[in-house]
Amino acid sequence: MNLYKNWWKYLAILILLYTVIAGLMVPLKPGITSIGKSVFATGEEAMISVEVYNAEYGGQAPKSYIKLDQSNFIEAKSVEVGEGRTVNVTFDIPATLPGKDNTAITTLFLTDEANGTLVYPNALILQSKPTTSNRTWDIKEMPRLYKKSGFLFPYRNILIETIRNTFYHIPLWFSMFILFFGAMIMNVKYLRKRNIDDDHKASSLITAGILMGCLGLATGSIWAKNTWGAYWTTDVKLNMSAISMMIYFAYLILRSSMDDVDKRARISSAYSIFAFFTIVPLIFVIPRITDSLHPGNGGNPAFGGEDMDNTMRMVFYPAIIGFTLLGTWIASLVLRIKRLDEKVHLKMME
Amino acid sequence: MKVSTIFALVMKDLRIELRDKYAIGAILLYVVTSTFIVYKAFQSVSVMAWNVLFWIIFLFAALNALVKSFNQESKNQYLYYYQIVHPGDLIVAKIIYNILMLMLVSLILYGTMALFTINPVQSLGLFFVCITMGAIGVSTCFTFVASILSTQNNQSTMMAILSLPLIIPILLLLLNLSAGALGIVNDTGFTADLLMLAGIDLILFGLAVVIFPVVWRS
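Taken in sequence, the protein lines are chains A and B. The first sequence begins at 1 in the numbering used here and counts up by one. The second sequence begins at 1001 in the numbering used here and counts up by one.
Isolated chain A (complex conformation) (with noise of 0.2 Å):
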C-alpha cells in the first residue's frame, strides 16, 4: 500500500466528498417563489400575498419596495407577516408611468438585516389608467438594501434549489471533454511512436469519458425536466452533446469490428483524431450562434457576473478537478483490464 503513488485518487475522493457535502448541504438565500396576483392599474390599492423561501422574520415585518427604474421607487404602505411562508404587501401604486409606455415592468424588494434582501423581477406589472389619485413616485434613489452575509447560494427563480445540478451536470461535461482531449494526445503519441499501451491508454480515456457524457446528459436530462419542462428539448447543445457521444459511440463499434491489434490501434486512433475537431465545432462553435436555452448560448448571459457568484465557485471548479480525476481513476482500472487481457492473449499465442 503505497500512499504517496495514490495521492491523486485520495484527493480525487476527497474533493468528490467535499462537492457532494458542500454543494448539496450550503442552504440558499432567501428568495420570493411567488407574488399572486401582478397586474394592476395605476392609482390602485395594489395588496399582494408574497411566497417568500428560506426567509424567518419573526414577527418584525421588513421593508419592501417598487422599483421601476433607476430613479423611481415606492415604499409599501404596510407589510404583515402572514401563516408560512407568506408576508402581505400593500401597495398605493402612483398615479403616473413617468415614462411614455402605458404598461411598465417593476421589481419587488423585501429587505431586513436578518434576511438580506429579496428580489423578484417582473414582479408588478403596471398599467395606465385615469384616476383621481395623486401620489407619485416619491423616493428617487436607490433605498437602502440589507444584505446577507455568509456561505450561502444565489437564489434564482425557476432554478431555486436545482441551481445545486450546476456542481455535477457542467462539471461531467467539462471531465467528459477533457478526458478526449487526453484521449487525442494517446492517440498522436500512438500513431507517432507505434507503442501498443498509448492505444490502450487512448482506448480506456475514451470508455471513461463516455461514461462521464452519459452521466452529463442524464443529469441534464432531469435538471431539464424541472426547469425546462422536458426531459428532451430541441435546444442545440444538447443535441450537439448527443450527436457528439454518437460519434465515440461509432468508435467502440469500429474497435470491435476488428481483430488484429494494430491494425485496430493505427484505425481507430486516426478516426478518434479526427472525431476529436469535429466535436469542437459542434460543442463550442455551433450552440453559441445559435438559439439555445443554455447559459452563455444565443445571446443568454454566460456563467459568471449573475447567475455563478463567489460561494458557487468555490464548489464548482473544485468539482471539474474531482470528476476529471475521478474519469482518470476508471480510465486507469479498464487499462489495467486490457493490459491482462493483452497478456492472456499473448500467453494463449504461446
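What the hints contain is simulated information worked out from the structure, not anything from laboratory work. C-beta atoms are modelled at their ideal positions from N, C-alpha and C, and glycine is treated no differently. Accuracy of the hints is not assured; some may be wrong.
Taking lysine-lysine pairs in the DSS-like style, the calculated list, with each CA pair at most 30 Å apart, reads [what the hints assert, rightly or not]:
#  : chain 1 : residue 1 : chain 2 : residue 2
1  : A       : Lys77     : A       : Lys63
2  : B       : Lys1002   : A       : Lys193
3  : A       : Lys189    : A       : Lys338
4  : B       : Lys1012   : B       : Lys1068
5  : A       : Lys140    : A       : Lys77
6  : A       : Lys263    : A       : Lys189
7  : A       : Lys189    : B       : Lys1075
8  : B       : Lys1012   : A       : Lys263
9  : B       : Lys1075   : A       : Lys263
10 : A       : Lys37     : A       : Lys140
11 : A       : Lys140    : A       : Lys63
12 : A       : Lys263    : B       : Lys1068
13 : A       : Lys100    : A       : Lys67
14 : A       : Lys189    : B       : Lys1002
15 : A       : Lys263    : A       : Lys193
16 : B       : Lys1002   : B       : Lys1068
17 : B       : Lys1075   : B       : Lys1002
18 : A       : Lys129    : A       : Lys140
19 : A       : Lys225    : A       : Lys37
20 : A       : Lys63     : A       : Lys37
21 : A       : Lys193    : B       : Lys1075
Chain B stretches covered by chain A per the calculated footprint, using a threshold of three residues with CB under 8 Å from any CB of chain A [to be verified]:
#  : region
22 : 1150 to 1158
23 : 1163 to 1170
24 : 1201 to 1207
Some residues of chain A that are not near chain B, with every Cβ distance over 12 Å (derived) [to be verified]:
#  : residue
25 : Tyr10
26 : Phe40
27 : Glu45
28 : Ile125
29 : Ser149
30 : Asn226
31 : Thr227
32 : Trp329
33 : Arg336
Model the placement of chain B on the given structure of chain A, informed by the hints.
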C-alpha cells in the same frame, strides 16, 4: 506535394471511372429514382421539404459513391502508388476527384428535382456556393473514412456508422445556408455560417492530409 502529380492522379481516377461506367451510372440512377419517389410520394413538395430532401438524397448518393474510393483498384496497384507518390498527394487527389464528382452529382440532382418537383432556388449564386462547400466537406470527410476502412471487409456498414455522425455539423450548416438560398429565411447574416463551414472544411482537409500518410501502410 506536387500539382502535376495530383493532376495526374485525378486524371487517372477519371479514366478508371470512365472505363467501367457502371459506378457513376448507378449513382445517377439512384439520384433519378429517389427524386422520382419523392415526386410520386409527396405530390406537392414544400420549399422546406425540398431543402431537406435535396441534402438527404445528396448525402446518401455521396455515401454510396465514396465508399468505393479506395477499392476500385487492386492492392498491388496501391503498393505501386505507395512507392512512386507521396501519400499526401494521393489523398488530395482522391478528395479533389470526389469533390468534382459530388458537384456533378448535386448539379444533376438539382436538375432532376427541379424538373420533377419545383425549383425554389431564389439566389442561384448562394446555392452554388452551398453545393461547392457541401461537396468539399462531404468529400473530405467520407474520403478520409473510406481510406481508413479500405482494408476492412464490412466496409459499407462501417462507413455509414462512422461517417454519418461526423457529417452532421457540416450538414446542419448546409441546411441553414441553403435555406437562405431558397428564400425560406430572410437572413442576411449567412457570412458567419459560411465562414464556419469553410473553417470546418479546412480543418478536416488538413487533418485528412496529415493523418492519411500515417494510416496508409497496409
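Flag every earlier hint the structure violates by its number, smallest first.
Of the numbered hints given earlier, the structure breaks none, since each of them holds.
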